[in-house]
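**Q** We have chain A; now place chains B and C onto it with these hints.
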Amino acid sequence: MRYRWLSVIVAAALVTSALAGTAPAAKLAGKSVKLGAIYSITGKGAEWGEHSKIATELAVDEINKAGGIGGVPVEVLIQDTGTEVAPAISLARKLILEDKVLAILGPCFSSEFEALAPLLDRLKTIIVSQCSAKPGISALSQWAFRNTLTSDKQLAPAVEIWQKRYGIKSAAIIYDSADAVSAAEGSAVLPALLKKAGIEVKESLTYQTKDIDFSAQITKVKSLNPDGIALGSCYQQAANIVREARKQGLKQSFLAGACTGSPEFAKLVGKDGENSVIGSAGWPDDPRPKTVAFLKKFMEKSGGKKPNYGGMRSYDNVYIMKWVIETGGVTNEAKDLDADRDHVRVGWTKVKDFDGITGLTTINAERDGGGRSTVLTVKDGQFVKIDY
Amino acid sequence: MLIQLGINLILALSLYFPLSAGQLSLGQGGFMAIGAYAASWLTAALGWPWPLAFALAALIAGAVGALVGLPALRVRGIYLILMTMAFGEIVRVFFLNFAPTGAAQGFRGMPFVTTLPLVAALAAGTALLAARTAGSRMGRAFAAINRDELAAEVIGIDVTRAKLASFTVGAAVAGLAGALWAHYVQFIEPEEFGFARSVMPFTFVVVGGIDTFWGAVAGAALLTLLPEWLRFLKEWRLALYGLAMLAVMIVRPQGLIDHRLLRAVRRWRPGHTREAA
Amino acid sequence: MLVQQLVNGVMLGAVYALIAIGYTLIFGVLGMLHLAHGEVFMVGAFVGLVVATKYSGNVMLALGAAMLATGVLGLIIERVAFRPLRGAHHLAPLATTIGAGIALQETARWYFGPEQQGFPSTIALTLWELGPLRVSSVQVFILAAALLLMGAVHVFLARTRAGRAVRATAEDPTVAGLLGVNVGAVIALVFFVASALAGAAGVLVGFAYNSVHPFIGVQMGVKGLVVMLLGGLGNVPGAMLGGLVLGVLEVLGVAYFASSYRDAFAFGAVMLMLLLRPEGLLGLRLQRRD
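Chains as they are written, first to last, in the numbering used here: chain A, 338 to 725; chain B, 649 to 925; chain C, 9 to 298.
Isolated chain A (complex conformation) (with noise of 0.2 Å):
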């Protein structure tokens, strides 16, 4: 009779840890878990790095008012990398040497990113970007990851939308050559994409990240008129672009990917780019439960600003680490970090439709994120979701 009692109880056990993230895990040792943060709060990129540190912090004050990882507050030291390489790469070296953290979060530009992987084997820590979208960098190292679909994943059902929204047989392509995603999908992904789809490109032109003056690019896209204009562009440059497109007399189409998909582009274009196709991964007016919650808390914090992707997938990142951490057998002892980091890298191989604010999250065999592109257009100087 006992043993029978005793095997419902162990049964009972069992099923109720096998629920993932239900079991309370084992209890971690230390006062914090502490975890670094790398964002291009400053520079170029301030509004993607801004959105993550608001993000972050949320999603950092909601786990710990629920009682912390495992039992203990997690920390997370947040860093401005200035959008620029070099103190991205020494403030990682230094989150890792120094502050001994468990792992990072960022960078967000893929430029940071491609230069700091290669760095990774050495330093043995994980590095997971919240919006880094350039094709193939998370190869340089098994300890670089990425939660976000590349810019080819969040371009090409956009693509076959945009072709069939507006006709499109011949494009032209402006990129930044300074910019590395931009760069990538202007050079690559879009030709590739673009002719898979039949569509002839006639011209393909560049600029540079700190240009503000188009004229010359519209003018010379005007002279060939393509059916619509293809961008390789973050969306301060891709706002500027479309507008002097409509001043200059241009009503074609525009298609952007990765860095065009904040929702400041819909505002800065306004009725200018309502007829433009974005691949994007992630839409801050998504109707999910959870993602309305996460609205309404963002914007009390940013003072009515929509969280960009980057912002969103920052948020999904904590607690994606929560999870790794608590189910990954890190123990957070201070002799153990060197295999506490390396559980953490193995956990982060092994997440799989992990429900967060965009979606569902798979890590793939790249270590970049799976899932469906989200294909946004323009109304009312807001991003709308396209269904496909």
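Source of the hints: derived by calculation from the structure; they are not laboratory data.
Hints are supplied without guarantee of correctness; some may be wrong.
[As the list claims (entries may be wrong)] Chain C regions said to be covered by chain B (calculated; three or more residues, Cβ under 8 Å):
hint, stretch
1, 97-103
2, 230-237
3, 269-282
[As the list claims (entries may be wrong)] With a Cα cut of at most 25 Å, we get these calculated DMTMM-like pairs of lysine to aspartate or glutamate:
hint, chain 1, residue 1, chain 2, residue 2
4, A, K364, A, D436
5, A, K461, A, E435
6, A, K437, A, D679
7, A, K371, B, E876
8, A, K634, C, E123
9, A, K437, B, E876
10, A, K547, B, E883
Don't be surprised by glycine CBs; every beta carbon is placed ideally from N, CA and C.
**A** What follows is chains B and C alone, placed relative to chain A:
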């Protein structure tokens, strides 16, 4: 932090050399870029051992310095400032378009070489070179040209040679700083070496004082450490950094350290050492 | 297409010219570089942005407010970063103005945020076709405003008493002082005018290119220096011409070569100019009018 301080110190000294002969360069970022790219190319693409790569990179930067120095002899004052600025920017645009070193995407693959002892040794070496130069025949020639070029020529100083030498040494030292920097961050891109980078050593030297190389050292130390000290001010940090720079110059237009202060320090030794005002 | 590209170049050039005139005026009377001039431009753009957004896109009001604000800012900079250093080493003001520039950038970043902001599209956009050419109302407004301001500066220098005092001071401050010119007042006046022009340029750039952010002054400041040099230091008509030349060069460079060579044209021109013709395109100085 200390590594950055060391590199900035070398960069500041790189400007001190031409400045001691009355030649201000606002193009040190360009020489730094040349040194950084040359050294990185040698270690990353050709697999050279770093000491050789660093030495050759400094030589290349120095050679380019001599080439730029030649036409720069014809101009002075504000024209020289603008010309060196234009040179620095042209170097940046060159690397922006130079595909073998990654163009706008930057260049990586160099080993991690720049450790604190190495930086400290090279910074000390550069400072020693500056100190030795100041007391040497060449250094006195520089000083004479700085005071009055015509008079220097009259008393038999080969002004052309001296100016060219000062410019070349400065460029080589800036190239060395670039090589160190590149093998510290292990990634370089053209935008890092723009106008802002050229302005940096300039502010170090002017705030520190242009009289002696101690000024360059003091300026680099103060302006590198100040933003760290001001970290508690959070977002106001850099604004205050700018204002502090302004304030220092108003109080001491000649810079923190000048001959008078040095003499005073010497006289007061060994009793007290006076802090820079 | 070439003609249209020339129009694009002239538009850009007009803005460069406005910034460079300020530089050259200040250099003319002081013989010193003002490295925070780009930040004055930036402040002008932000003031214009705030006023235009608040008063439903009143362009003239934005322009006026920005010019007044930057004019006053210019006076403050002169008082703080130049006057205490008179008689010091000629490099000292370079450092003070760099310091002031950093402080202005950071203050703007703190107040307005680091993001790029755009002007409301207010001037109702009309397009006129002139043969193969298409000109928009925004372009016409910007060009008209820039030309008007340049004309005003020219008349001010050539025809007014104050303008004569400025020219006399540029020629020789000591002699001008002896002849009864209040040199201190002239310098202040020059800073006011030069800074107001930069502020106006900021508003025009905001309207033309929708790019206003705290660090825009760095790049514009450097371009302004280049234009000043092309025109000849201290030479106002030269700065106007230099601005147009640089604007057209850049636009044609982007249109027919590649955008990554854009700055090569500007700085290549500077190197050539210094080696071949250091006195500038026109080879005249401020005081020898026209």
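**Q** Indicate, hint by hint, whether the structure satisfies it.
**A** Quick rundown of the hints versus the structure:
no.	hint	result
1	97-103	holds (count 6)
2	230-237	holds (count 4)
3	269-282	holds (count 9)
4	K364/A / D436/A	22 Å, holds
5	K461/A / E435/A	14 Å, holds
6	K437/A / D679/A	14 Å, holds
7	K371/A / E876/B	22 Å, holds
8	K634/A / E123/C	21 Å, holds
9	K437/A / E876/B	20 Å, holds
10	K547/A / E883/B	24 Å, holds
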